[in-house]
Structures are given as structure tokens and as C-alpha cells.
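Chemist: Sequence:
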Amino acid sequence: MKEQYLAAEIEQKWQERWAASDLYQTNDAADKPSYYCLEMFPYPSGNLHMGHVRNYSIGDVVARFKTMRGYNVLHPMGWDAFGLPAENAAIKHGVAPARWTKENIATMKRQFKQLGLSFDWDREVTTCLPDYYRWTQWLFLQFYQAGLAYKKEGRVNWCPSCQTVLANEQVVDGACERCGTEVHKKALEQWYFRITDYADRLLADLRLLDGWPKKVRTMQENWIGRSEGAMITFKLETGDDIEVYTTRPDTLFGATYLVFAPEHQLVEKLIAGKPEAEAVRAFADRMSHLTDLERTGDTAEKEGLPTGAYAINPINGAKIPVWVGNYVIADYGTGAVMGVPSGDQRDFLFAKKYDLPMIPVVSATGEDVQAADMTEAYVEPGKLINSGAYTGMDNVAAMEAIVEALGQKGAGRKTVNYRLRDWLISRQRFWGAPIPIVYCDHCGTVAVPEDQLPVRLPEDVDFKPTGESPLNDAPDFVHTTCPKCGGPARRETDTMDTFVCSSWYFMRYTDAQNTTLPFAKDKADKWLPVDQYIGGVEHAILHLLYARFFTKVLKDRGLVSAEEPFKNLLTQGMVLKDGAKMSKSKGNIVSPEDIMRTYGADTARLFILFAAPPERDLEWNDSAVEGCYRFLGRVYRFVQRYLAASEGGGDPAREKELRYLAHTSLARITEDIDQRFNFNTAVSAIMELVNGLYAAMDAYDDKRSPAIDEATDILVHVLAPFVPHLAEELWAALGHEASVHLETWPQYDESALVQDEVEMVVQINGKVREHITVDVALSREEVAEQALADERVQALIAGKTVRKTIVVPKKLINFVVG
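Residue numbers (numbering that gives the first Met the number 0): 0 to 817.
Keep in mind the hints are simulated off the structure, nothing from the lab. The beta-carbon is built from N, C-alpha and C at its ideal position, and this holds for glycine as well. Honestly, I wouldn't trust all of these hints.
To be verified - For each label pair, taking beta carbons as the anchor points, the in silico distance ranges come out as:
id : residue 1 : residue 2 : range
1  : GLY734    : ASP700    : 20 to 28 Å
2  : HIS770    : ASP673    : 44 to 52 Å
3  : ASP697    : VAL753    : 49 to 57 Å
4  : LEU187    : GLU375    : 36 to 44 Å
5  : SER622    : ALA732    : 49 to 57 Å
6  : ARG200    : ARG779    : 52 to 60 Å
7  : HIS770    : MET0      : 37 to 45 Å
Said to hold, decoys possible - With a cut-off of at most 25 Å between alpha-carbon atoms, the simulated BS3-like pairs for lysine-lysine come out as follows:
id : residue 1 : residue 2
8  : LYS234    : LYS318
9  : LYS301    : LYS351
10 : LYS413    : LYS234
Whole structure, please, built from the sequences with the hints as guidance.
Modeler: Here's what the structure looks like:
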């Protein structure tokens, strides 16, 4: 060993040796139980940030630990490489998206290797390469053939300056993230996946996910938003019918108006020839410039206008006005709702604002209530009032009766509704997987045959905004021949949402070199579901929901056997500095490369794992980083001291004490990693073990003993998942040729955990006054007697009467005196 701990030199040496020996290459045929450890793959933005370091260090500890525990571990890495930032770079800097992305991947891959992460790079996937998106397109065709992919007109976010559709995540405070222009809604034909067909399964199977955080399961449950109610048909004066959904059909006698979304296709028909028409059109235009959140959020003021049209309430024949309102969205439900001011607080406020009629229909006791006396909507159970033949009925029973009566005249039916909407996958941009569809004047919409995949992205694309996908300006791409008739056809120029790429990448890892299928079923079944998935809670809904949906569809298509993609989920917290998330705009970025250059990768890893439990946010602390570096130097120096020591230490009592420390530490570390992911407390236990080893070496005047030998061996083993380079260096220095990462994780000795004596706290009137060491075999009475015999305790209670004695075995004795 060199005299000093030279982190950079040690880390480079072992990274080169690991790469040369293919240490982390996964063998599918290994005769060991399989374990699939996966962190969410990154977008290749150009440089790692501390959030990356945290995410992938957590996964690396799990992967290395499971390997040492005897598992055949799959721990792959890849790149979520399509997306808008590459196009922004092309527009701003004139760099082709492919070049920009590949250069960023090369930079980040180098940084990953500097961190010493145990990825199997032979399974690397890059979603923007044809060998990957060929299979993304192939899977689209599976959905299309199953009737789960379709095209329809939908309202999308439109930036009039960039002349393009924006995904929801590209709209910031109602404006385009590119140029800051106000975004409005626009109707366009788009491709969708029919995820709503799987709503019930996605909801029901959340019960299978015991290994997921409860908050994530709750978020998915709320996003799916299942509710039971009724669809009720109102007749409009135009002769059209409109269905509205309600969970409270018992309040139908209190429906005093309807509200349509301003952009609903029937609105123009309703206002035709009416004096309200101009105002309603202006209102609709104003609403088109707002996002759904701005219109429906908790802080949004409810606005509306009358259309001048009327509808008929089907339960009593009452003529009620039809309004348009900002809080109704055209593509949510049927785009129309009924207003019951007495039974819904939102409707109550809307009716009060616009002086609309209010009819109380439910009261707690069944006694009459006057609308003028109501200060808020009544939403609790009760009995019906002002409800014709149903007056006096319990409102829950009335729900069934009213829906049955409506059903008999074709005006209503029981139904289940979902908040979940079908997944809009179309993106009008270049840098994404092309949708494998062509349009033929003779044959219509035609799927590209599988043997013609991939549909390749062209290289020479003009990125000036034109209002349509840049692919429309690539004639060699657009113009093709129809696969059915051989005549002229044009390609679909929308590309797929990048969430499609990330909804199946974990399956491709199981068989990443396959050139005839996205993956072989037997290989996917060997590894899936992922045993441990790790990533940010910001992906708790969309990515995880889409991956679950994909898995269920592919199971139904016979491609995989897994019902769910991820058995266990860990959502790590953010890395903060000065109380805020690290960002360039805040000027609080800490560069991982700077930290690795100054202290080494092992220090960066150790700090990020030690500073906080993984599920909590972590506050960056420069002095704590320095402290972790000093600790690793201390470990290094201890092994130097150990190697220089002679044989001869071995006091029986101290040996027993050190074995107790070593094996209790091992037991804690094992449980903290395996059961709770409490990496911070595992590192604390390692630090305590190092302190104990130094104390033993001091006591033995730098002589080794059997207990020191054993504890040193345990120390290097337990360091390996956390600081892999230093552990490897120390293991080699101790005379071992094979990698420490191929060693078996040590088993703690149960007999070493048994203590003969234990230190107990002595309290007097609840305050700690003394510590005593007692034999663990003593009874409560004997422990109290020993404590009372202690000279200091006697002095503290002199002249007082012991009124009560409380003994908590192995912990404390409390004397209540007076």
C-alpha cells in the first residue's frame, strides 16, 4: 500500500481492471437465483448532477450487496434519448439532434464509469437508435392490431410562436417553455393508446404492489379516479341529446341548469341565431388560451355565460338553461355537467354568482329547507325533499330508484366513470420514434409491415418552426408506397411520446442483443418483474402507470408472463443546497466531477448515502463531504497499521467485546441494506466498527488478534457495496487475488451477539445520574440492589426515601425518591 490514500489513482486502477475482466457482465445461465436491480434510466442532458449520483449510488449498493449474497444480478443501464431538448439544441446551436445526443451520452457514460457503478454495459440501450426504436414501432403495431391504438381529434397545447404542439410538461405557467409565448388549446387529429380499457386492472392490481410506497399507490389510485354513478340523458332544444355523468343521481330534482365546455361541438348549434352568440364565442376564444389547470385548478375562479338555449330535465320535465363554463373541459367525460347548487359546493358558488335557481333536495332529517337559508351546499346523507314521488326516501336508496326509473324511459343508466383519459402519444416534432403508419388514397390507413421496420428518421431535417412536424419538410421520408396496393402513400409525420420508449426499456435489457424480437419471452420471464426499481417520485404517476399498462398489454399478447413490471419501488428524495433543489438558475449546482476530482468517487458515494435516508431530501454539506473523505483516509490508515502489526494480541474479555461489536455491526448493516435501505445507519455502523478496531489495536499495542483479524475481514466486506474502489484496494492489500465484489457476504455469528454484561442508565426521579455495568443474568431485584450499592447513587439519595423502583431490563433503572 502507498503511504497516502490517493483516491483518484486507486479508482482509475480498479475501474480499468474491472472493465478488462468484464466483472459486471451478467450471465443468464448462472446457476443462482435471479435478482433484477434497476434505476430509472436518464435523459442524456450532457452532465451528471448530484440527483443522478444519489439515484445510481443507491442502486449500486443494492446490486453489489445482492451479488455478494449469492444472487445472479442484472444491473443494466441505458439512455432515454429522444425528446425536445435535442431539437432545441438543433434550433439554437445548429447541431444535429443525433450528434448532440451521442456526445452527451459519451460524456455521461464516462462519468458513470468514474463513479464505479456496476452496470452491465453489454446490455446498454439507447432509445434513439434504430435497433431500439425498431422494436418500439413493432410494439406500436401490437397495440394497433389489438385495437388499442387509434387516431381521433383532440385538444392539444399549441404555441402560436413556435407553431407546434407542446406536451403538458412543456407548458410552464401557461406559457411555452421554449419562447415564453402564451399557450392555447387547439383541436388536432392525434394518436392515442386506449389505456382506459385497462383502468379496472390498473386499479385493482395496485393491491399486488406491497413493495411500493403507499403514497405512490395512492397517487395512481387518484389519477385513475374510479367512481360509480349514472349517465343521465338531457334533451336539448336543438333536438340533440347530451349525456352527463353524476355520482349523485338522487339530486336530479335539484338540477337547475346544464354547463357545457365552451369548445364543445354542440355549443355553436346551441347559440346559432341567438343574441348571446357573440359573447359566447369570445368567451370560448379566451378559454382556448388557458390550460386545463388554469381553468379547473383550486384557485381558479368559476366563470360562465348563458347560451340562450334550454334543456329538459328528464326526471320532471323541467326546462332548465344551458350555460358554458370555464371549469368544464370538452375531452373530459362528455364535456357537459348538470348543476345542482343545493348539493354541490362548486355549483352552489356558481349559482350564487350568477343568480341561478336553487332547489334543496336533500336534508338531514327530511324537513323542508329554504334555498334562501342555505349558506353552503348540503353534501351529507339524508332524506329527499322537493323530489316528487321520491320525497321522504333515504337518499342512497333513492339513487337506485331514480336511475331505474330513468332507465325504463331510456334516459339514464348506471355506469362507472374514470378520471383517467386515453394516452395521447402523438408529438409533432422530429426527435422521436416515427409512428409506423402510412396513408393511402386507395387503402386508407395502413400499418407498416413488420419486415419493413424500422421506419427510420431522416438525417437532413429543417428545424425552423412551420406549424407542423419538421418531418413534413423531408419529402424522402413523407412520400412512400402503400404496403397493400403499391401505390403512392404518405407517412405519418407525428412521432411517439418518449414515455412510450420508457414504458418497455426494462424488458429490452433482458435480451438487449436480440435482432429478431424485442426480447425472447423466456429471457423476459427469467428476470421480470424487476425486483427493485429506484427513481424519483416525480415519475410516480405517468411513467409508472404507462409501464404497468404496457406490461399488462404485452402479457395479454403472450409476450411476457409478468402482470406487473416492478415488484418493489424506492423513490429517493432530492438533493438540496441552501434549502433549494440544485439548479443552474439558482446558482447552487455542485458538480459531481468537481467532487470526484477533489475527493474521489468513493467519497461522493459515501456522503450521498450517509447524509440522509434515501426516501428523504438531502441537504448538501461541504464539511460533511470533507468528513467522509477523512473517514476513508482513516480506514486506509487502519489497514496499513493492521498489515504492519505483529501477532500476539488476545485478551479474552476484549476479544469477546470486539467480536460482539463486529457481529452486531454486521447484523445491523445486513438488515439496514436488505430490509430497510437505511444506508445512512449502515454507514454509521461501519464507522463504529472502525472506532472499535482502532481501540483494540491501541489496547494491544499494535498486535493483531483473532478478533481483530475477523473484524478487519468483516470491515472490508461491508465497505464493498458503499466504496467499491477502496474496498477492492484494501482487499488486495490483505493478500487476496480475486475481487472482493465476488466474495460471499459474511454471516454474523449468533453466539457472538450474546452479552455477559450490559451498561445500564441509572435515573433518579427521571433524570440520568449514573451508568453501571451489570450481569445480564441478574433479576430486576438484583439489578436494583447493585445500583443502590453504587457509591455515587448512595450519595445522591442520601437522606431520602426510595418510594418506587422501575427497572427496564438491559436499559435503565429509575429510583423515585422523596
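Chemist: For each hint, tell me whether it holds in the structure or not.
Modeler: Cross-check of the supplied hints:
| no. | hint | in the structure |
| --- | --- | --- |
| 1 | GLY734 with ASP700: 20 to 28 Å | holds (23 Å) |
| 2 | HIS770 with ASP673: 44 to 52 Å | violated (33 Å) |
| 3 | ASP697 with VAL753: 49 to 57 Å | violated (26 Å) |
| 4 | LEU187 with GLU375: 36 to 44 Å | holds (41 Å) |
| 5 | SER622 with ALA732: 49 to 57 Å | violated (29 Å) |
| 6 | ARG200 with ARG779: 52 to 60 Å | holds (57 Å) |
| 7 | HIS770 with MET0: 37 to 45 Å | holds (39 Å) |
| 8 | LYS234 with LYS318 | holds (10 Å) |
| 9 | LYS301 with LYS351 | holds (11 Å) |
| 10 | LYS413 with LYS234 | holds (18 Å) |
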